[in-house]
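Model the full structure from these sequences, guided by the hints.
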Amino acid sequence: MVEIQLIEKRSRGRPQIRCDDDTKSLIIEAADTQFRENGYAATSINAIAQTAGVSTKTLYRLFPAKADLLSSIISDRINRFFLALDQSTLATMDLREGLERLLTAYGMLTMSDDTVDMMRLIIAESDRFPEIAKSFYETAIVGSNAVMEKWLTTQVERGLIKLEDPHMASGMLRGMMIMEPQRAAILRQQKTPGIDEIAQRARICADIFLKGCQI
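Our numbering puts the sequence shown at residues 1 to 215.
In case anyone wonders, no lab produced these hints; they're calculated from the structure.
Treat the hints with care, as some may be off.
[Claimed, not checked] Here are the simulated DSSO-like pairs of lysine-lysine, each with C-alpha atoms no more than 30 angstroms apart in a straight line:
id: 1; residue 1: K150; residue 2: K211
id: 2; residue 1: K162; residue 2: K150
id: 3; residue 1: K134; residue 2: K150
id: 4; residue 1: K24; residue 2: K57
id: 5; residue 1: K191; residue 2: K134
id: 6; residue 1: K66; residue 2: K24
id: 7; residue 1: K57; residue 2: K134
id: 8; residue 1: K134; residue 2: K66
id: 9; residue 1: K211; residue 2: K162
id: 10; residue 1: K24; residue 2: K134
[Claimed, not checked] Pairwise CB distance ranges, derived in the manner of DEER restraints:
id: 11; residue 1: R61; residue 2: M176; range: 40 to 46 angstroms
id: 12; residue 1: L163; residue 2: E97; range: 14 to 20 angstroms
id: 13; residue 1: H167; residue 2: A124; range: 27 to 33 angstroms
id: 14; residue 1: S55; residue 2: R96; range: 49 to 55 angstroms
id: 15; residue 1: E131; residue 2: G212; range: 36 to 42 angstroms
id: 16; residue 1: C213; residue 2: N38; range: 41 to 47 angstroms
id: 17; residue 1: T33; residue 2: E138; range: 19 to 25 angstroms
Keep in mind that this is a model prediction, so the values were computed, not measured.
Backbone N, C-alpha and C define an ideal beta-carbon position, used for all residues, glycine too.
Okay, here's the thing in structure tokens:
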């Protein structure tokens, strides 16, 4: 009986084991903070590990290179974009409603303070670290364009719009939606737009676009 009580007492003092996914989340959050505050080059793995409360050994096991951390931050943002869209709901919307929903979600992703900070970092350090520019382009730009291109292609197949090149049209549509306000925010000439301004811009962009291609 005494032995059982001693075992129970010892077990209460043992630290809980955290799964790798939770540890990864802590590390990604810490890396995001460090990159935004200090830049990519100036941020050390030791600083990220200390901020996350993990050992450098654990960090390197989960993220073998610093570039992997930045790639994971970008992927995390893109995954939020996919979640915000809710593809099943988007598929049930009519043409205009679906396009506005798509553009609004894209605007929320690309014109957030976090993304603008990331864009500044990529622009500032891509010459020294071309791998971070490659990662951002392939994950963020190509990835989000593929979502919009797929939606446009579906509308063409449904006979609702006419486009010769959905891929090119997607790039034009994305540029119309975000280029001016995002660029102004990156250059610190304007604040990032709020949800109401983004939604209004999405309505205007959808109207201009549909007037040119709706059947």
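Taking the hints in turn, this is what the structure says about them:
At roughly 20 angstroms between alpha-carbon atoms, K150 and K211 fall within 30 angstroms of each other, so this suggested pair holds. In summary, the hint linking K162 to K150 is supported, as the alpha carbons are separated by about 14 angstroms, within the 30 angstroms threshold. At most 30 angstroms may separate the alpha-carbon atoms for a hinted pair to count; K134 and K150 meet this at roughly 22 angstroms. For a cut-off of 30 angstroms, the pair hint linking K24 to K57 stands: about 13 angstroms separates their Cα positions.
Between K191 and K134 the CA atoms are separated by roughly 27 angstroms; this keeps the pair inside 30 angstroms, and the hint holds. Straight-line distance between C-alpha atoms of K66 and K24 comes to about 13 angstroms, which keeps the hinted pair within the 30 angstroms bound. About 27 angstroms separates the Cα atoms of K57 and K134, which keeps this hinted pair within 30 angstroms; it holds. A distance of roughly 14 angstroms separates the Cα atoms of K134 and K66; the hinted pair therefore holds under the 30 angstroms criterion.
Using a Cα cut-off of 30 angstroms, the hinted pair K211 and K162 holds, with the two alpha carbons roughly 11 angstroms apart. Distance restraint check for K24 and K134: the Cα-Cα separation of roughly 22 angstroms lies within the 30 angstroms cut-off, and the hinted pair is therefore satisfied. For R61 and M176, the Cβ-Cβ distance of about 44 angstroms falls inside the hinted range of 40 to 46 angstroms, so the restraint holds. Between L163 and E97 the CB atoms are about 19 angstroms apart, so this pair conforms to the stated range of 14 to 20 angstroms.
One distance hint, 27 to 33 angstroms for the beta-carbon pair H167 and A124, holds here, with the actual separation near 29 angstroms. For the pair S55 and R96, the supplied restraint of 49 to 55 angstroms holds, since their beta-carbon distance comes to about 53 angstroms. Here the CB-CB span from E131 to G212 is close to 38 angstroms, well matched to the stated 36 to 42 angstroms. Between C213 and N38 the Cβ separation comes to about 45 angstroms, which falls inside the hinted range of 41 to 47 angstroms.
Checked against the given bound of 19 to 25 angstroms, the beta carbons of T33 and E138, roughly 24 angstroms apart, stay inside it.
Consistency with the previously given hints is maintained throughout, with no hint failing.
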